[in-house]
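Visitor: Sequence:
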Amino acid sequence: MSLPRTGISTADLAAAFRAVHTISEKPVFVDPFARVLCGWPFRLALACPPLEHALNRLAHETLAPITMSIVLRARYAEEALARAVASGLGQYVILGAGMDSFAFRSSEMLDRIEVFEIDHPVTQRKKLLRFRKERLAISPHHHFIAADLTRTSITEALAGSPFAMSRPAFLSLLGVAHYLPRKALFATARSIGQDLAPGTRLVLEHLLDEASCGRGSMALRARMLEFVHRHGEPVRASYPIDEMNELMVSAGLKVIENYRIAQLEGIYRVPFDPPQTEPLGIFAVGQFRVGVPSD
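Take the sequence shown: its letter number 226 is residue 226 in our numbering, and every next letter is one higher.
Where hints are given, some of them may not hold.
As the list claims (entries may be wrong) - Derived EDC-like pairs: lysine to aspartate or glutamate, alpha-carbon spacing no greater than 16 Å straight-line:
id: 1; residue 1: K254; residue 2: E210
id: 2; residue 1: K183; residue 2: D148
id: 3; residue 1: K254; residue 2: E243
id: 4; residue 1: K126; residue 2: E108
Said to hold, decoys possible - Cβ-Cβ distance ranges computed for the label pairs, FRET-style:
id: 5; residue 1: R83; residue 2: P181; range: 28 to 36 Å
id: 6; residue 1: P240; residue 2: D111; range: 23 to 31 Å
id: 7; residue 1: E226; residue 2: W40; range: 38 to 46 Å
id: 8; residue 1: I138; residue 2: G266; range: 35 to 43 Å
id: 9; residue 1: E156; residue 2: R215; range: 20 to 28 Å
If you are wondering where the hints come from, they were derived from the structure by calculation, not from laboratory data.
Small disclaimer: the values here were computed from a predicted structure and weren't measured.
Cβ coordinates follow ideal geometry from the N, Cα and C atoms, glycine included.
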């Protein structure tokens, strides 16, 4: 989505935060292409020491837990993807891809999988323009599908592409669910659960509802909601973990796991730098799959 006043989107901001995090002392997730994809205002900031300091302050102080959530969800999703590919899945669909750079960071994997990026036409045009300006070569296994997920189902979006409906796939939906109305998210999940092949997997990140966050995260959650609303991309929905699991099951998916992103700190044994002053308690991330008849 494009912001009306500045042309900067939350996708640009997420890429900028990944770029800032990449050059930190102990990065959880390294994205060398984030600097290219975050757009000229952020690229200028990263090239100008006083502006870079201001961006670092935003990423590391004002919204530090949000930055860590962005990189932790990316690492979690791509580790799950690697396991899925090792087990034989050969298709990766990135829903609401934004400024994701997986296909360039993991170009060796494109010999084994087809990558499909589905995103809003405005965002996708912006991204492809940045690719052209940087002369980044796009693999024949890297496909772009322009679609508005609030109006178009996954099946409709993939129709006419090289995507094989009869084969299972791995899908990610990161940093998107809270911008979708509940009906749109359910329709997206239902399209996956009913129309895609058994064995298909989905990694989904979602915003926790206020009651699930706890007192320690309330200020951060309010700050994040105000920030994205002010920049033209208001949050549409949030969910407790149990409710999200129920939504996925009602859409035809099996729950593999779903927990707070804060728990990834323990899983990855990540010593956050700088230390977190507020908990990463406002987002959850989980894995779901399309069942097989024996389930």
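Visitor: Taking the hints in turn, state whether each one holds.
Guide: Taking the hints in turn, this is what the structure says about them:
no. : hint                      : in the structure
1   : K254 <-> E210             : violated (25 Å)
2   : K183 <-> D148             : holds (14 Å)
3   : K254 <-> E243             : holds (14 Å)
4   : K126 <-> E108             : violated (25 Å)
5   : R83 <-> P181: 28 to 36 Å  : holds (32 Å)
6   : P240 <-> D111: 23 to 31 Å : violated (41 Å)
7   : E226 <-> W40: 38 to 46 Å  : violated (25 Å)
8   : I138 <-> G266: 35 to 43 Å : holds (38 Å)
9   : E156 <-> R215: 20 to 28 Å : violated (43 Å)
In terms of the numbered hints stated before, the structure departs from hints 1, 4, 6, 7, 9, listed from lowest to highest.
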